[in-house]
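Using the sequences plus the hints, can you model the full thing?
Chains E and Y supply the protein sequences, listed in that same order.
The numbering used here applies: residue 7 is where the first sequence begins, and numbers increase by one.
The numbering used here applies: residue 7 is where the second sequence begins, and numbers increase by one.
Just so you know, the hints here were simulated from the structure itself, not pulled from any lab data.
What you were told as hints is all true, and nothing was included just to trick you.
Given that identical chains are not distinguished, each listed pair holds provided it fits within a single copy or across any two copies.
Keeping only pairs whose Cα atoms sit at most 30 Å apart, straight-line, the calculated DSSO-like set for lysine-lysine is:
# : residue 1 : residue 2
1 : K14       : K66
2 : K142      : K66
3 : K142      : K120
4 : K66       : K15
5 : K14       : K48
6 : K15       : K48
7 : K48       : K66
There are 2 protein chains.
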Amino acid sequence: MNAQDLLKKYQLSVTDSRLSVLHIFMQSGGALSHSDIEGRLKGLHDRVTVYRTLQTFADKGIIHQIPTTDNAVLYALCKEDCAGGHHHDNHVHFLCTECEITTCLDDVMVPTVKLPRGFRQNDVKMVVTGVCKLCK
Amino acid sequence: MNAQDLLKKYQLSVTDSRLSVLHIFMQSGGALSHSDIEGRLKGLHDRVTVYRTLQTFADKGIIHQIPTTDNAVLYALCKEDCAGGHHHDNHVHFLCTECEITTCLDDVMVPTVKLPRGFRQNDVKMVVTGVCKLCK
DNA sequence: TTAAATTTGCAATATTGTTGCAAAATAATG
DNA sequence: CATTATTTTGCAACAATATTGCAAATTTAA
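Following this line, the structure appears as structure tokens:
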């Protein structure tokens with residue numbers, strides 16, 4: 007699906023900045039931080055606009071956040087079937103200590119864990135740190 | 007073990023700020039962010055000192071970081087057997103959406119996952135979101 | 001084509017984290 | 001216990017990251 011249709015699908019106004027950010031995600035394939043995106047926009051849009059765009063996309067379920075072991079917040083495109091409110095992004099994320107790139111391991115599902123009595127589970131996030139395929 | 011002995015065990019100077027921060031961790035029981043700690047210190051010590059204290063404790067293995075799905079970095083006391091350089095904090099962390107408190111589920115180990123060919127794993131973090139025992 | 005609604009960019013401000021350095025506190029020594 | 005050496009602290013300055021209000025510009029609806 008192209009960027010314009012994706013925006014319409016989620017009932018969002020089609021604007022330059024939203025298209026740019028979507029294109030950047032589509033081209034990169036991986037997970038990006040706010041500053042990654044800002045860098046690739048080369049000053050085309052304001053920092054604030056990027057923040058708001060990411061927020062909007064996350065609210066709509068177009069992108070999802072990835073927790074990292076350090077400080078940064080990363081975002082990645084949801085799979086097509088993420089639609090309908092709740093995400094299907096329960097795959098493992100991988101952070102390479104060599105190239106510092108975070109990858110979505112789409113084929114590695116997050117295993118279920120048995121919680122102590124009384125805990126109710128909604129969501130699980132899992133981040134593996136190590137050396138990725140390309141840096142090996 | 008009391009705070010003072012703990013500091014000596016790790017060959018750290020015993021200072022007011024370190025004792026205060028340790029006490030805060032011991033009383034809270036749960037995971038705390040930098041600003042949690044700063045808040046409870048009520049201006050007793052400088053922001054910078056808190057940063058440095060947390061850094062020192064993390065380096066020595068007295069506390070460990072917990073990745074969260076949002077922005078914040080949380081810290082929690084390591085178990086006694088964390089000593090000797092490498093941590094035994096490979097347990098699951100639980101974030102309650104009601105009380106917003108992060109707990110270490112010490113008895114729930116992070117399951118191992120099989121990574122795609124070529125990926126080498128060093129470390130795994132797992133955060134479960136849901137409703138905790140007390141908020142149920 | 002025009003009016004209504006939304007989005008953007010700017011400015012200001014808040015929050016979070018880092019660094020250098022002199023003063024203070026702690027540890028080591030006799 | 002007193003003195004010296006080492007470490008730690010607090011301040012100031014700074015950098016990076018994030019948020020808010022508001023007028024101008026853009027997009028959508030009519």
